[in-house]
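Use these hints to put chain B onto chain A, whose structure you have.
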Amino acid sequence: MELTGADIFVRCLADEGVEHLFGYPGGAALHLYDALYTQDKVQHILVRHEQGATHAADGYARSTGKPGVVLVTSGPGATNTVTGIATAYMDSIPLVVFTAQVASALIGDDAFQEVDSVGITRPCVKHNFLVRDVRDLAVTIKKAFYIATSGRPGPVVVDVPKDITANKTEYAYPETAFIRSYSPVKEGDPAQIKKGVELLLAAKRPMIYTGGGIVLGEASASLTAFVRELGYPITNTLMGLGSYPATDSLFLGMLGMHGTYEANMAMHECDVLLAVGARFDDRITGELAKFCPHARIVHVDVDPSSIGKTVPVEVSIVGDADTVLQDMMKRVKASDIKPDSQALKSWWQQIEEWRGLKCLTYQKSDELIKPQYVLEQLYELTGGDAYVTSDVGQHQMWTAQFYKFDQPRRWINSGGLGTMGFGLPAAMGVQFAHPEATVACVTGEASIQMCIQELSTCKQYALPIKVINLNNRYMGMVRQWQEFFYERRYSHSYMEALPDFTKLAESYGHVGFQITKPSDVEGVLKEALGMKDRLVFMDFITDQKENVFPMVAAGKGHHEMHLAPCNAVVPTDRELA
Amino acid sequence: MSDDRHIISILLENEAGALSRVAGLFSARGYNIQSLTVAPTEDETLSRMTIVTSGSERVIEQITKQLNKLVDVVRLVDLTEGPHIEREMMLIKVRAEGSLRDEVKRLVDIFRGRVIDVTDAFYTIEVTGTGSKLDAYLETLPTGSIMETVRSGVSGIARGERGLQV
Chain A
1 MELTGADIFV
11 RCLADEGVEH
21 LFGYPGGAAL
31 HLYDALYTQD
41 KVQHILVRHE
51 QGATHAADGY
61 ARSTGKPGVV
71 LVTSGPGATN
81 TVTGIATAYM
91 DSIPLVVFTA
101 QVASALIGDD
111 AFQEVDSVGI
121 TRPCVKHNFL
131 VRDVRDLAVT
141 IKKAFYIATS
151 GRPGPVVVDV
161 PKDITANKTE
171 YAYPETAFIR
181 SYSPVKEGDP
191 AQIKKGVELL
201 LAAKRPMIYT
211 GGGIVLGEAS
221 ASLTAFVREL
231 GYPITNTLMG
241 LGSYPATDSL
251 FLGMLGMHGT
261 YEANMAMHEC
271 DVLLAVGARF
281 DDRITGELAK
291 FCPHARIVHV
301 DVDPSSIGKT
311 VPVEVSIVGD
321 ADTVLQDMMK
331 RVKASDIKPD
341 SQALKSWWQQ
351 IEEWRGLKCL
361 TYQKSDELIK
371 PQYVLEQLYE
381 LTGGDAYVTS
391 DVGQHQMWTA
401 QFYKFDQPRR
411 WINSGGLGTM
421 GFGLPAAMGV
431 QFAHPEATVA
441 CVTGEASIQM
451 CIQELSTCKQ
461 YALPIKVINL
471 NNRYMGMVRQ
481 WQEFFYERRY
491 SHSYMEALPD
501 FTKLAESYGH
511 VGFQITKPSD
521 VEGVLKEALG
531 MKDRLVFMDF
541 ITDQKENVFP
551 MVAAGKGHHE
561 MHLAPCNAVV
571 PTDRELA
Chain B
578 MSDDRHIISI
588 LLENEAGALS
598 RVAGLFSARG
608 YNIQSLTVAP
618 TEDETLSRMT
628 IVTSGSERVI
638 EQITKQLNKL
648 VDVVRLVDLT
658 EGPHIEREMM
668 LIKVRAEGSL
678 RDEVKRLVDI
688 FRGRVIDVTD
698 AFYTIEVTGT
708 GSKLDAYLET
718 LPTGSIMETV
728 RSGVSGIARG
738 ERGLQV
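Top to bottom, those sequences are chains A and B. What the first sequence shows, in our numbering, is residues 1 to 577, in sequence order. What the second sequence shows, in our numbering, is residues 578 to 743, in sequence order.
Think of the hints as simulated: they come from the structure by calculation, not from any bench. If you're wondering where the values come from, they're calculated on a predicted model, not measured in any experiment. Just so you know, even glycine gets a beta-carbon here, dropped at the ideal spot from N, CA and C. Please note that the accuracy of each hint is not assured.
Chain B regions said to be covered by chain A (calculated; three or more residues, Cβ under 8 angstroms) [said to hold, decoys possible]:
#1 632-642
#2 656-670
In the PhoX-like style, the derived pairs of lysine-lysine whose C-alpha atoms are separated by at most 20 angstroms in a straight line are [claimed, not checked]:
#3 A:K309 to B:K710
#4 B:K642 to A:K186
#5 B:K646 to A:K309
#6 A:K345 to A:K194
#7 A:K532 to A:K459
Here chain A stands alone, though its shape is the one from the complex (with noise of 0.2 angstroms):
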């Protein structure tokens, strides 16, 4: 039997195994729509606005390993989602976006609502598709998810006009995709596998250091295994917190621009660096002529421009991290060289000095609210089991210093390409893949705002988030930089006019607390986690001065942090013994 284009989609969606779909209909979308009003496998989640499409989609990939699948329509519709598939992009998160497009006999006429959603999306994609013809829908939309899902993983955008969902065809779903053109590797190379753990094993200060492609390659529990079997410290970048336990006591936190003293003064130190699944960011390297001075490094990555392009290495590895870590271990355990225990010994007693200094102290108070004090009492009361999405600023990089994850995938956040407006839509893709689950969006008064309008969304779907709005009447982290770097000229950079937050939620249908003493946070906190069937806005009035410490400066080296005023000594380079 002959099925319209938009019914061979919906069947598609169904085959693959997509559960929840993330849109907003429109004009050159309406033969989908109607596909998907006819049906019941595949969940249509209606959010306010494209971007929070995109985003929530992006909060259940990550937080699932699934792709997240979005539809829209064509025109504002497909331009609304290019922030969010840059989103993606940058953190090579995999989303199938599908974008509706005027019919075909149109295209080029500058139709109403049509954009060349193909073009204005090439540079932020890993791949995209015009739809020309009805037959090559279900092949198009099958190649998309596996384009999406393997090797590096990344948005797919899929561009349908509204003939092809009219015309018709009969049906079958591919059971698999074939690309002559693409084809991911996934073992390592031996030899350089042999190279690569032989330089490990006759290091003197090994140092790892693992990014977003531990979490995105399921290598966590290779990732743990192999440095407790090594006994070397080992730091995550902000996309790999959580893939290795942040309790373990080899874990020296996160590195780079706020990472801890610990985790930045071994990477300036080590003598060998094993980078797996990390792509040595700007945030992360800080200047580069004074980067891991000493190391030779040694970097496993599934996609090979990721090596090599900032910062020369020593033995590159091209595999999936998973099948890499697995390798190396067997190398290591059937080796006869062992860690040289001396020479560990007395490095583990350096980065325990350099841990004492307890980088992240802050000074406490009765009268203000400190941030990192509310991400503190957030951890305690959820018991380090939260899923925790943020958006970008200082409440992120406090997010990701005081929460401590146990586990991959429960950190949520827009790291590369840093958009604020993600958290609160990430958090309801992030509640729909974990119904039952505690969703805390961490934000600030500033990037909640950018996508708010999804508070109707969560309204909508009953979706119990726990919004914790670190409220300093300031885009804190703009701040910051104009306090240090110019001259505290804070220009545009107060929020005024805000709303009343907590009259913004009520009037969403939501609970709202307005918290501004610092007695209070923990009551409220656990009042709000104790509501299991609704979304509480705290709305908490923090210190407008706090800082995030530590920080590496632009040009400045990892050894040159600048610590919080209430540790006093500012380290610099040592000369190494």
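Just chain B, lined up with the frame of chain A:
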């Protein structure tokens, strides 16, 4: 590090948009393109593209890795890594009147070019060779005689058994 000239030869899917993926990659990442040529091959599902670019060893490595990442790129080779042949074709319209007519014709013969169109006042000439040969030819023409030139950009192929196939 010196910025050496490289000729990258690419087999890519003969799909709409494939060219803009490659061109977009170069502009988005700030790589330089000196010339780019593309046309379908004997297998109509494939196009063959030749890009002339320059950069340090690290930049060229990134260029080839980033190109390989494009889903439409089937295979590629940096021709300048081995013995290869490169050719470029140029069409030149030259003013050729009076005594100039013989002089221009002689120069065409010396450079093994051909006059492919003749009018009272103009010759249209076809010359094929390496880029530097074409440059040299242009320099020999009398000042002010060139009306217009069109160059194809470089096409290249590896010598001997080495080749770029699916």
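We went through each hint and held it up to the structure:
Taking a C-beta to C-beta cut-off of 8 angstroms, the stretch 632-642 of chain B contributes 4 residues in contact with chain A, enough for the three needed, and the coverage statement holds. Given as covered by chain A, the stretch 656-670 of chain B fails the check, having 0 residues with a CB less than 8 angstroms from a CB of that chain where 3 are the minimum. At roughly 36 angstroms between alpha-carbon atoms, K309 of chain A and K710 of chain B are farther apart than 20 angstroms, so this suggested pair is violated. At roughly 17 angstroms between alpha-carbon atoms, K642 of chain B and K186 of chain A fall within 20 angstroms of each other, so this suggested pair holds.
For a cut-off of 20 angstroms, the pair hint linking K646 of chain B to K309 of chain A stands: about 14 angstroms separates their Cα positions. For the hint pairing K345 of chain A with K194 of chain A, the CA-to-CA distance comes to about 25 angstroms; that exceeds 20 angstroms, so the pair is violated. Distance restraint check for K532 of chain A and K459 of chain A: the Cα-Cα separation of roughly 14 angstroms lies within the 20 angstroms cut-off, and the hinted pair is therefore satisfied.
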